[in-house]
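S.K.: Sequences and hints are given; from them, build the entire structure.
Chains as they are written, first to last, in the working numbering: chain A, 29 to 497; chain B, 10 to 648; chain C, 46 to 305; chain D, 4 to 377.
Quick caveat, the hints were computed from the structure, so don't treat them as lab data. Ideal Cβ positions, reconstructed from N, Cα and C, are used throughout, including at glycine. Do not rely on the hints blindly, as some may be mistaken.
Restraint ranges, calculated between C-beta atoms of paired labels, are given here [claimed, not checked]:
id: 1; chain 1: A; residue 1: Asn219; chain 2: B; residue 2: Glu386; range: 12 to 22 Å
id: 2; chain 1: D; residue 1: Leu255; chain 2: C; residue 2: Arg236; range: 27 to 37 Å
id: 3; chain 1: B; residue 1: Ala127; chain 2: A; residue 2: Pro420; range: 41 to 51 Å
id: 4; chain 1: A; residue 1: Pro420; chain 2: B; residue 2: Thr140; range: 42 to 52 Å
id: 5; chain 1: D; residue 1: Val228; chain 2: B; residue 2: Ile581; range: 45 to 55 Å
id: 6; chain 1: D; residue 1: Thr206; chain 2: C; residue 2: Asp57; range: 49 to 59 Å
id: 7; chain 1: D; residue 1: Gly48; chain 2: B; residue 2: Ile581; range: 51 to 61 Å
id: 8; chain 1: B; residue 1: Ile551; chain 2: C; residue 2: Asp57; range: 40 to 50 Å
id: 9; chain 1: B; residue 1: Ser125; chain 2: D; residue 2: Thr206; range: 44 to 54 Å
id: 10; chain 1: D; residue 1: Leu255; chain 2: C; residue 2: Gly59; range: 19 to 29 Å
id: 11; chain 1: A; residue 1: Asp335; chain 2: B; residue 2: Leu33; range: 55 to 65 Å
id: 12; chain 1: B; residue 1: Thr140; chain 2: D; residue 2: Glu251; range: 56 to 66 Å
Selected chain A positions facing chain D (Cβ under 10 Å, derived; list incomplete) [what the hints assert, rightly or not]:
id: 13; residue: Phe124
id: 14; residue: Ile258
id: 15; residue: Val289
id: 16; residue: Asp293
id: 17; residue: Met296
id: 18; residue: Pro298
id: 19; residue: Gln317
id: 20; residue: Pro353
id: 21; residue: Gly357
Okay, derived cross-link-like pairs now, DSS-like style, lysine-lysine, Cα gap no bigger than 25 Å in a straight line [said to hold, decoys possible]:
id: 22; chain 1: C; residue 1: Lys219; chain 2: C; residue 2: Lys154
id: 23; chain 1: D; residue 1: Lys55; chain 2: A; residue 2: Lys254
id: 24; chain 1: C; residue 1: Lys154; chain 2: B; residue 2: Lys516
id: 25; chain 1: B; residue 1: Lys305; chain 2: B; residue 2: Lys621
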Amino acid sequence: MSKKMKFRHLGVLVLVFALIAAACGDDDTADTTTAATTADTTADTTADTTADTTADTTMAPMAFPPEAGAWGGVLIAAGAPVEIRTLQAISESVAFLGVDQNRGTELALEDFGDVLGHPVNLGTAEDDLCLGEGGASGATAIAAQEGVLGVIGTTCSGAAFPAIPIFHAAGIVLISGSNTNATLTSDFQGNAGENWMNNYLRTAHNDLIQGAAAAIFAYDNLGLRKMGTIHDGDPYTSGLAGSFGLTFTELGGEIVVATSVAKEDTNMVPVLTEIAAGEPDGIYFPIFQPAGDFIVQQVGGISGLEDVQMYGADGLITPDHFSLPETEGVYYSGPDLGFDANAGFTGETYTNLVARYEAAYGELPTAAFHAHTYDATMMLLFAIESVAVEGPDGELWVDRLALRDFLYNISDFAGVTGTLTCDEFGDCGGNVVSVILNLDSDDPQAGIGNVVFRAGKGAGGEVVILPLG
Amino acid sequence: MNPLAATSQDSVRSAVKVGLLGGLGYIFVSAVGMVEGLGEKNVIDPILSLGYLMLIWVGLWAGHRAGAGALPGDGVSVVGRVWLGIVAGVTGGLLASAFLIWINTFVVREVFTNISPALIELLNLRQGLGTGVAVAIGGGALLGGAGAAIGTLTPLMRRALTGSFLWVLIVGFLEVILSQIFREIDLGVFLAFLIVGVTSWILLRNFGDSQRVLLGGLLAAFVVGVLVSQALSEVNLGLRFIPDFAYINRVGGRALTLSAAAIVFLVAFAATVLFDGRRRAMRARLAALEPAERQKWAFGLVGVFVGLGVFLPMILGSVVNELLSTTGLFLLMGLGLNIVIGYAGLLDLGYVAFFAVGAYTMAILTSTSTARNWAPELSFWEALPFVVLAAVVAGILVGTPVIRMRGDYLAIVTLGFGEIARILFLSEWFSGVTGGALGVTKIPPIELGFYTVKGTDTQAVLYLVLAFVALAAFVSYRLQDSRIGRSWMAMREDEEVAETMGVNIVKAKLLAFVMGAILAGVGGALFAVKFGTIFPASFSIIVSITVLVLIIVGGMGNIPGVAVGALVMIGILGGSNSSGLLREFAEFKLLIYGALMLYMMLNRPEGLLPSKRLARELHQEEAVQDAWLQGEIEQGEED
Amino acid sequence: MSLLKIVRLHKDFGGVIAINALDFHVDEGEIVSVIGPNGAGKTTVFNLITGMQAPDSGEILFEGETIIGLTPDVLTGRGIARTFQNVRVFANMTVLENVMVAQHCRTSKGAVSAIFRTAGFRREEEEIRERAAEVLSFFGTRLVGYRFDQPAFMLSYANRRRLEVARAIATQPKVVLLDEPTAGMNPSETREMTELIGRLRDDRGITVVVIEHEMKVVRDVSDRVVVLDHGEQIAEGSYEEVTSDENVIEAYLGRPARAH
Amino acid sequence: MKLLKLPQQRKRRFGFVDSFLWAVRIGALVFVVVGIFGIPGVAGGPEGSLFKTLSGEGVSGEAWRDLFISGLAQGSMYGMIALGYSLVYGVLGFINFAHGEVFMSGALVSFFAADAFATAGIWESQPVLALGFTILVAMATSTIVAVLTERIAYRRLRGSPRLIPLITSIGMSFFIRYTFRGLFGDSFKTYPAAPGVLEGRATIFGVEILKTQLTVIVVTAVSMVVLYQFVARTRMGRAMRAIAEDREIAALMGVNVDRVISLTFAVGGAMAGIAGVLWALLFRQVHFLTGFLPGIKGFTAAVVGGIGNMAGAYVGGLAIGLVESVGPLLVLDGWGIPAVSQLKDVVAFSALVLVLIYRPTGLLGERLSVEERG
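M.R.: Given below as structure tokens:
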């Protein structure tokens with residue numbers, strides 16, 4: 029730790045005393061003396077976006093390891109593992125996302141194998157709890173461990189907000205396979221999002237694309253003009269419903285009711301009645317299970333909504349949901365999952381990957397983002413391998429800043445989710461979204477594969493419609 | 010000769026009963042997934058995983074209980090007790106075997122999700138059913154016997170044995186934290202610790218009776234300590250070889266090596282045994298002191314602890330600091346709720362509302378997010394008065410309608426208010442101000458003029474939180490011991506009578522609500538700054554319940570008790586929205602919460618560190634029995 | 046002028062008449078006993094006077110002003126104190142604290158001065174403590190010394206009664222309403238209490254209204270006796286007058302009260 | 004059953020609290036009335052939901068009917084759960100927070116029975132038999148869980164200060180909830196769809212009702228009547244009432260207090276079990292958190308109806324169900340508040356607060372007994 033930082037802490041100490049002294053009012057010898065010693069510690073208050081962490085490890089006398097960059101570096105002893113970690117939502121109601129993602133990481137590790145002869149260690153899986161608190165405490169725990177080069181996570185954007193600066197201060201890169209919040213990267217117009225930091229990347233799509241593409245499909249392809257939207261109070265669903273509404277209105281459509289349910293709601297009659305009052309032709313409900321199940325199950329019983337077009341999103345693209353008879357004829361927008369033909373970095377095809385997933389974990393993927401996380405892990409391992417300098421005795425030296433720079437410059441990286449190219453704000457994903465239509469609840473996998481619309485990001489950040497298949 | 014002949018029928022019967030309970034325990038921890046879920050975490054490599062530890066603990070417990078079940082008057086010998094333990098262990102083992110046979114024969118995973126092939130392998134030690142059954146019964150016998158045997162040891166040996174084992178577990182468990190401490194500790198803070206510690210030891214020994222000398226000396230030592238710690242902060246103490254030696258990398262985290270475990274055990278054991286005499290002498294001396302003398306000593310000790318405590322955040326490392334700041338935030342709320350429930354007796358289950366009000370007020374007034382259409386962008390200190398104001402208003406708004414409601418009505422109505430607050434913050438209706446589901450982001454750090462406390466700077470945040478906690482504890486303490494505090498107490502005892510004694514119930518209740526709201530509101534404000542972003546999901550009912558639980562587990566009405574409660578429930582177990590020291594148990598946290606609450610309420614309802622008053626209240630009968638002849642007194646009326 | 050005057054007071058509970066057109070008065074410096082069979086409405090009268098319940102009609106005047114609708118704490122401030130038939134001390138507070146609380150309305154320091162421990166606050170606390178000790182010394186040695194810090198539930202029954210009286214005195218009342226102060230006491234304790242009631246007036250100048258079943262006590266303490274039955278006053282006068290009144294005899298003998 | 008002893012509402016001089024409460028009473032009334040009827044003739048002001056319906060742009064008449072019925076069905080189940088709270092409160096005087104989990108346990112365990120029936124085809128071919136048996140399984144589970152909680156925890160706490168059993172029940176609630184999660188996993192269990200006979204709508208008195216909702220309403224109503232008869236007519240029922248009045252006196256009169264208290268828990272549990280199956284029939288998805296919100300709503304309903312009062316629990320349940328179903332659209336929508344559905348819990352809890360402000364003992368809470376008299 030630098031001297032400056034230490035002095036800052038002393039300053040806080042003084043504050044403690046000042047507060048106590050203010051309260052007592054009679055004991056003020058302590059703070060005058062300590063305050064005097066800290067009179068000149070105000071210097072370093074300007075925020076410095078490029079971190080000022082120094083090397084984690086002691087330096088060897090020879091040319092190896094090379095001099096560390098501004099973010100420091102990690103020296104890995106011969107035979108010692110390369111340390112990476114995961115920080116995903118693996119408990120409570122969103123566990124189906126985070127657990128799925130961790131499996132993606134595990135499969136990637138399996139495929140990638142050793143990094144220049146060093147095994148890769150995942151350590152204890154941390155839980156982001158899908159909340160800022162979880163993101164912060166998980167990130168702190170990871171940053172406290174020695175030699176962690178990169179972290180795969182978080183599942184929820186809300187957890188990423190406080191986690192990113194913690195990793196940033198430790199010089200650790202964070203790659204998410206499922207954060208979609210636009211402010212974490214950019215608006216595609218060259219403006220950094222306000223929560224963007226330069227140690228953050230993601231392979232998932234940006235909300236701006238999905239909302240807009242979903243709206244274009246609704247307006248142009250389905251011919252819907254009046255729609256209701258439902259979110260569930262989650263920042264993700266709320267943001268998605270919002271950006272859908274924005275584009276839909278721009279196109280000339282009308283959002284007659286924008287409302288929401290609570291995640292634990294069961295009786296959907298009131299919310300559906302509220303929407304029915306607006307006489308929409310379609311309902312966009314980008315929410316999760318089980319609320320999404322309740323909505324499709326109960327919408328048939330609402331007078332006025334008999335002919336309405338239901339339209340969900342990726343939170344519901346699960347075999348469970350698709351096996352409900354009521355979901356036949358319902359469209360779902362989501363990240364493009366037409367991966368089957370894609371081959372990942374190691375040449376593993378997605379089809380194969382899913383088969384191995386099922387064999388290893390006893391069930392089919394519970395969500396889509398294992399694939400994005402698989403790619404994120406691959407990217408990280410590939411980057412580590414590429415920037416690592418081998419020492420004379422089998423050691424490895426990885427410079428953190430070099431690793432970050434390498435990741436930010438990745439282009440045309442073969443992933444199972446498509447070709448990945450990172451832009452200057454860390455958006456690496458193909459940003460291709462698709463709309464699927466469930467036709468047969470007895471064969472949910474067919475429904476999940478039944479793509480009827482694809483769209484992606486154009487050069488200027490606009491949505492461009494892509495050919496199917 | 011039948012070794013059980015000497016024991017009574019009753020002892021055997023109760024041993025069997027305990028054994029059956031132990032067997033149920035085996036089934037329970039297996040079936041709810043603890044054995045498998047914790048199986049990956051090795052505490053001591055390669056012999057002991059956390060999952061097995063759960064089973065071992067069950068066996069030892071059963072044996073111990075069975076052995077202790079024999080009454081002293083029974084004339085049961087040591088051997089007899091051990092046999093009782095073995096009986097219990099075998100009984101439990103048999104029940105466990107039945108379970109094993111069942112899950113090996115039928116596939117029950119369709120219903121009981123956690124009885125997976127992996128679990129069965131673990132329980133069978135990967136050797137097939139025969140081994141599993143043998144281990145269950147044999148291991149049961151062994152552990153049962155051992156558990157009972159431990160019970161027959163002298164208290165000192167027993168303490169040494171269990172204590173040392175516990176130390177091994179702790180050291181194994183806290184791998185991340187201990188490694189960080191050893192790796193990062195610098196000479197400066199080490200010396201500072203030494204200086205303050207040694208000075209205070211000398212002072213306490215020689216000048217224990219002169220508060221002035223004591224305080225002056227402590228202060229001087231403290232100042233020197235601060236200077237030294239700053240001057241030498243860049244010199245690493247070079248202790249990283251210790252964790253490098255002690256821990257080994259394994260899937261699922263680093264584990265303690267066998268040799269390190271042995272060293273820890275031996276050191277702890279030796280220390281307990283060797284220092285026992287000294288400890289006892291010390292305790293005897295303390296007991297022999299006059300109350301006034303003792304108070305002086307206590308005063309001095311508190312000074313020492315504060316002096317040393319101030320340096321702790323520099324040593325403990327970011328993980329512990331982070332945990333402690335979260336604990337501190339909950340402690341702030343706990344102190345507030347302690348006023349409302351502990352002092353004034355108002356059962357508020359919607360306490361999170363005030364926390365949310367504080368957090369949102371701070372967030373809205375300070376956020377620099379460009380996405381917000383109304384952002385005054387005040388600084389922390391400018392916004393703080395508004396936070397207090399908002400808390401006061403919220404306290405009055407919630408407090409007034411419920412002033413005439415009692416106990417249970419109060420509980421459900423306040424619970425309702427808590428939910429109302431959360432939903433309103435979440436709602437589309439107010440999303441223009443509150444951000445709705447998207448929350449508020451970009452809450453700036455705190456400017457102190459000479460230093461900026463960023464949320465990511467765990468050490469600074471901890472100091473800040475502790476400062477506010479100290480302030481809150483100070484205020485609580487002063488209020489408790491005052492005219493206001495007495496009127497709250499009287500109101501808690503009997504509202505009607507308090508009123509006829511001249512206490513204005515409306516004022517007293519509102520003041521309690523408002524004080525509680527202010528503390529929670531400030532806690533919320535710090536929460537907002539610490540995380541830099543807030544979402545409505547952080548303010549659910551569960552937070553209210555967590556705070557309630559922590560003050561009750563800790564000891565209601567007692568400020569140190571609340572602190573202990575916060576430490577145990579939030580720091581160690583992990584709060585509703587955060588993981589604690591035992592992060593491996595995260596998945597079972599709430600299950601453990603529930604079990605702990607049940608255990609506490611049934612066995613120690615006054616909490617871990619109760620106020621004298623509450624302890625007396627809950628053990629009135631015993632107190633009265635001690636003090637008076639039974640016939641002379643009647644119990645006070647309830648209600 | 047009467048210190049306390051009750052005019053045509055009426056109270057019923059869901060159709061059951063508890064107090065019916067009750068008139069009576071208490072003069073300053075008097076000791077008045079209220080007697081009557083069980084269920085006569087004696088405690089209800091106390092509840093109405095202290096503001097714990099509201100009358101349906103009628104008037105209660107204290108020092109010539111109506112006190113209807115005032116809350117108990119305000120009335121305590123005006124100078125009306127009471128004890129309870131079923132002994133309601135603050136069981137988990139210490140003896141001293143019980144009496145300290147009772148001075149709430151005679152003291153004024155609020156939260157802010159408590160937090161900063163201002164000089165005024167410390168002075169007031171000292172006064173409260175001294176006054177409490179002084180009041181407790183009223184009962185001789187029974188409630189002093191080590192008893193100060195004993196929780197009230199540890200006290201014997203008689204001592205709790207005494208503590209209740211002490212608490213009432215500590216509010217510095219003009220009139221104190223004692224609800225069966227000797228119930229459950231043995232003869233010597235009863236005698237002591239009787240004497241105390243006299244001293245309340247003689248030493249401290251407090252007017253006393255007492256509900257009592259024990260006729261000996263009534264005889265020894267009362268300047269005047271008021272007899273209630275069915276919520277109505279059936280007789281009033283000196284002890285001798287009242288005990289020879291036919292209505293009273295009928296009320297007691299016609300439906301003899303359960304012995305206490 | 005037991006009357007709750009509350010302080011007599013005193014006629015006080017008009018103080019701060021009174022003015023505040025009157026402001027709330029009047030404000031709430033105005034808010035509700037304007038929300039429903041609007042302010043006629045004021046352009047740009049609140050339109051009023053009824054006015055919107057009449058002018059054909061708001062919620063249609065049929066929609067109101069559907070809302071009403073779904074609220075009724077939901078409320079019936081709340082009422083069944085509220086009964087458990089109310090019975091226990093009546094007898095032991097504390098709030099058994101774990102009751103929501105008792106409800107959940109029945110719903111969750113009976114899933115396996117229902118699933119087995121569905122796989123075997125009995126669900127469709129013998130719907131009454133299958134449903135009946137499923138309900139029995141649920142009742143048995145819930146009853147066992149309820150009685151066990153009492154036996155293990157609450158029995159040892161009788162006579163302790165009221166906060167202790169309350170906290171114990173919160174702990175119990177966590178323990179049961181996460182034990183069930185451990186045992187049965189955290190996935191959603193999807194009940195088989197209601198048997199064919201219960202599909203579609205039936206017409207009762209000219210009103211079309213979804214058959215599942217009708218089933219819920221009818222089954223709960225019948226259960227309530229049976230229970231009421233049980234408590235009113237049988238010896239055990241009378242014993243329950245006796246204990247509610249005064250436990251010690253009841254014991255002196257020869258009532259086996261422990262047994263009757265167990266029975267009370269059993270009855271509450273059985274009712275919760277029935278509610279669990281009905282819940283699953285209506286919403287089809289259950290998991291370990293299913294009991295949480297209905298538990299809180301049931302508790303709310305019990306208080307709204309007047310805690311300790313059996314009929315009150317049912318009425319309170321219906322009231323809460325209706326208010327949260329109809330309320331947001333009826334009152335809030337008329338004010339032009341966006342996304343009113345998400346505010347349904349706000350409406351429900353506000354209703355609770357208002358009911359208690361208007362009637363401190365709840366809707367059917369009996370007036371106070373005669374206070375102590377001298």
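S.K.: If you draw a straight line from the CA of Lys305(B) to the CA of Lys621(B), is it 25 Å or shorter?
M.R.: holds (20 Å)
S.K.: Take the C-beta atom of Thr140(B) and the C-beta atom of Glu251(D), compute their distance, and say whether it sits inside 56 to 66 Å.
M.R.: 57 Å Cβ-Cβ, so the 56 to 66 Å window holds.
S.K.: Assess, step by step, whether the Cα of Lys55(D) is no farther than 25 Å from the Cα of Lys254(A), and give holds or violated.
M.R.: holds (19 Å)
S.K.: Given a hint of 51 to 61 Å, does the C-beta separation of Gly48(D) and Ile581(B) actually sit inside it?
M.R.: The hint (51 to 61 Å, Cβ to Cβ) holds, given that Gly48(D) and Ile581(B) are roughly 56 Å apart.
S.K.: Are Ala127(B) and Pro420(A) spaced within 41 to 51 Å by their CB atoms?
M.R.: Check passed, 42 Å falls within 41 to 51 Å.
S.K.: Would the hint linking Lys219(C) and Lys154(C) be met if the CA-CA limit is 25 Å?
M.R.: Satisfied, since the Cα-Cα distance of roughly 23 Å is no more than 25 Å.
S.K.: Is the shortest C-beta separation between Val289(A) and chain D less than 10 Å?
M.R.: Holds, about 6 Å.
S.K.: Between Asn219(A) and Glu386(B), is the Cβ distance one that fits in 12 to 22 Å?
M.R.: holds (20 Å)
S.K.: Kindly confirm whether 44 to 54 Å is satisfied by the beta carbon distance between Ser125(B) and Thr206(D).
M.R.: holds (50 Å)
S.K.: Can the hint on Pro353(A) be confirmed by a CB-to-CB distance to chain D that is less than 10 Å?
M.R.: holds (8 Å)
S.K.: Determine whether the Cβ-Cβ distance between Asp335(A) and Leu33(B) falls within the hinted range of 55 to 65 Å.
M.R.: holds (56 Å)
S.K.: May I ask you to test the interface hint for Ile258(A) with respect to chain D, counting a Cβ-Cβ separation under 10 Å as satisfied?
M.R.: holds (8 Å)
This entry does not satisfy hint 21, going by the numbered hints stated previously; all others are met.
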